[in-house]
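2 protein chains.
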Amino acid sequence: MTDFTGPEKEGLYKAIFSRRDVRSHFIQKDIPDDVLFRILNAAHHAPSVGFSQPWNFILIKDEGTRQQVKDSFARERDRSIKMLEGEKERQGQYAKLKLEGILESALNVCVTYDPTRFGPFVLGRTSIEDTGVYSVCCAIQNLWLAARAEGVGVGWVSILSNEDLEKALDIPAHVKPVAYLCLGYVEEFAPRPDLERVGWLPRMDLAKAVCYEKWGTHQPKEWKGLQDAVR
Amino acid sequence: MTDFTGPEKEGLYKAIFSRRDVRSHFIQKDIPDDVLFRILNAAHHAPSVGFSQPWNFILIKDEGTRQQVKDSFARERDRSIKMLEGEKERQGQYAKLKLEGILESALNVCVTYDPTRFGPFVLGRTSIEDTGVYSVCCAIQNLWLAARAEGVGVGWVSILSNEDLEKALDIPAHVKPVAYLCLGYVEEFAPRPDLERVGWLPRMDLAKAVCYEKWGTHQPKEWKGLQDAVR
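If you read the protein sequences in the order shown, they are chains A and B.
Position in the first sequence (from 1) plus 132 gives the number in our numbering.
Position in the second sequence (from 1) plus 132 gives the number in our numbering.
These are computed hints drawn from the structure, not numbers from a lab.
Be aware that one or more of the hints could be misleading.
If chains are identical, the list can't say which one is meant, so a pair holds when it fits in one copy or spans any two.
Derived lysine-lysine pairs resembling DSS-like cross-links, with alpha carbons at most 27 Å apart [as the list claims (entries may be wrong)]:
1) K299 - K202
2) K202 - K346
3) K230 - K202
4) K356 - K346
5) K340 - K308
6) K202 - K353
7) K353 - K299
8) K202 - K161
9) K340 - K299
10) K193 - K346
11) K214 - K299
Treat the numbers as computed from the prediction; the structure is a model and nothing was measured.
Use the sequences and the hints to build the structure in full.
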């Protein structure tokens, strides 16, 4: 019941399962234009509410701009560490983590959301306004998977001030930064996520994330087969 | 510079480019448990801020629940059509579109965001609160691509009231519905998105979505090679 060959299906799952949020292991090597094109084109073919395609991709190599973003990261990281004042062990663990590769990666990409694109009436965005920004997130995940298949690592830097980003990149008031990504070839893709490996948090059992018919219902007997499959 | 074989890479791109938002063409055939498991497990391996994995998947087959959701869709669709009062042609075009497959699809899946998961301190969510819900969107895109590779169509119904969903599915106050999806095997995946095919909106040129170094800069000569590639 699928038009995918075995290796084609495996390729998708390989990208999904071996994709990592990369903060270190970047190597000094430019991403060729054709590779970067394929990665951006994959993002551009994400689903979007009402086919509004509300994304932009700002590609950043300039060192001055990157340093501004890095400074924003440093301030926000310090603020975050202070929030853990009451949990000394956790705080120490946090402080040791490498959380971004802004300066070491080959390229930074800021992905933004423009709610005015093809608007003001956007089909399907009339009840839930947020579906516009959700479309941009789907594009980011496409970008991330395509990069993985091309051997390019991606790290999402979320410890940042959006106001700082808006200033550094001349983003107009009506446009919202959604993600700040660091892209580059890497020495390796780690077998497990960094935060799982260092014991920050475990991977949750899928069975706990799945509910049947209503929120909070985890073991109805009508769904026994699937429960056995997800366990 | 990649550890993906040709067919593996092609498989990922095939899923990305041939994925559709499916509203019709659903056929009467259950999704086997092992297939559904792979689709959900793909979603569960999305990136998440601070490895918080803040998603849940509520699987819905019950006809009464679906009818409640369909009623919500009908109300919101009517409201949306009224918004186009001043644009009669557009309004007529909208009214003819098939926008959901709630009752005809094999399975409905509501994907939710739980901000309390592994909280209250979530690493990386301390500066930009929205990164939590962005993680859930990445999981939705993984689900969508995995479904495509399995031959299963997915339609995202965004013309809905979240309050109605919360009532119909017993979703607690602290949890936010993010997407309501219709899943099922389909007769075909259309070669182009429905809204592009019927002329609702065109696909934007990728070149217009890409900026260089700053917002709004589209043709700096330092980036000539990439500009030629994205054109």
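### Query
Of the numbered hints stated previously, which ones are contradicted by the structure, given in increasing order?
none
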